[in-house]
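Please arrange chain L on chain C, whose structure you already have, making use of the hints.
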Amino acid sequence: MNRYVTRLAGPLAGLALAISVAMPALAAPSSNARVTDRPVAPQSAETGAARCASAWRAVRTDRSLANVQAAGFCEIDRRLVTIDRLRGLVRDAEVLTDAHATALTRILDGTESGLMSLRREIAADTSVASASEDVRRIFTEFRVYVLVTRQVVLVRADDRVEAAALRLTHAADQLAAAIERAAGNGKDVTEAQGHLDAMKAATGAAQADVAGDADAILAQTPASWNAGTAEPILDAARASISAAHAALRTALTEARAVTAALR
Amino acid sequence: MRTTTRHRILIVISAALVVVVLAGCGRRVDFAGPDGPSPSSVTVGATSLPGQASQPAPASPDPTSSPGAEASPSTAPTDTPIPSPDLASIEALLSGIDTDLGDDAASAANEGNPQ
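Residue numbers (this note's numbering), protein chains in the order written: chain C, 1 to 263; chain L, 1001 to 1115.
Looking at chain L on its own, in the form it has when it is part of the complex:
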């Protein structure tokens, strides 16, 4: 009877050990996991805002859009930061296209000739 109880305890310890080791492996995979785009910051004019093209423009209240609002350069909306587009990431894509076109132009020369 005592032997059976001891066996059960040992089996529980073994299972816990397996869970601990597997949890460690899972954490390692998570760490090496998805490579998301790094946030970038773009400065346009006097306004610097985080700009990620895939993100929607942050909604900001605009009092001047209400009917009858007084249009004046000194009113509050001028203090609201203008969302700055992520032009740097677009520039990077254009550079990538340059690279692709260069690779395309160079590729044919590598074909060689069986003769």
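Looking at chain C on its own, in the form it has when it is part of the complex:
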């Protein structure tokens, strides 16, 4: 019996060691699976204001501590779902620069931890007045939808403009080579060259439109939103991205015109 035990001890120990090393790696949750940190895991993917409509109706009917707290929990939970979604947008966005992705992740992490802390404060409130004040802080201290969400989507759009402009610049180089070759073959390239010049000008205009926008967007905070200074900056960034988008569209049309003129 002891011989069998001795023979098996080594392999079994090795197997146990291998399983103990491998299993945590296989069962590791994704990096954003942090719901266990939360007081209550959100049950609904709905993140619109309508999600908490019934909770607010209850508050209007009976402004009790429990009802105010429930409304606060609902508002926080839908924001946590939104933050998860935004974190996914940052993670999956192929065009975001590393610096922008890091800055956005820092904003999202800070917002999430702040909201979870506030949730615990609301749960510990013992009066309607203190709970109501804490619920108000969900809006004034975090600005998840009017600020944080806009920061993520506008910076992503900004980086998309930059990425498209870079690709158009590279395409312009290719088209310039094609024009040169066609000219060498005796083809009249006047029209193609005109479209290429227009393409380059439009691409340059797009890049100029969004220059510095991302930094300005990322610098905004809930406090600057409350002071009234953030919204105009975000709106201006949106307008410049729209203008850049139009310029990029023009550049793309001109690129196609170059290829058509070379046929």
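Don't take each hint at face value.
To be verified - Chain L side only, calculated, beta carbon under 7 angstroms to chain C, not exhaustive: (1) LEU1087; (2) LEU1094; (3) ILE1097; (4) ASN1110.
If you're looking for bench data, these hints aren't it; they were derived computationally from the structure. Ideal Cβ positions, reconstructed from N, Cα and C, are used throughout, including at glycine.
This is chain L only, laid out in the frame that chain C set:
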């Protein structure tokens, strides 16, 4: 003495087992690994070439660029494929900007009001 030798053999087998299992895990991670851009093909005119914007244009010899070369539509360079720019990926980026601007416009309505 024999027992010691047997122990050494068993330890070697155990270590090999650990290496095999860990190698299997490593292969699994590699498989799920980096998501690179999928190659695309763009057709411009009569020329269809793989077009990836981040790739440099393939260098192709161009006899017409040499001084004194005869410029004629029937010369060899017309057979050289023109590198086609990756306009499809640029179109996709423009669509993404549209989506972002739409998300931006819709976000404010979700803020709600504590009153």
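What are the numbers of the hints the structure violates, in ascending order?
none
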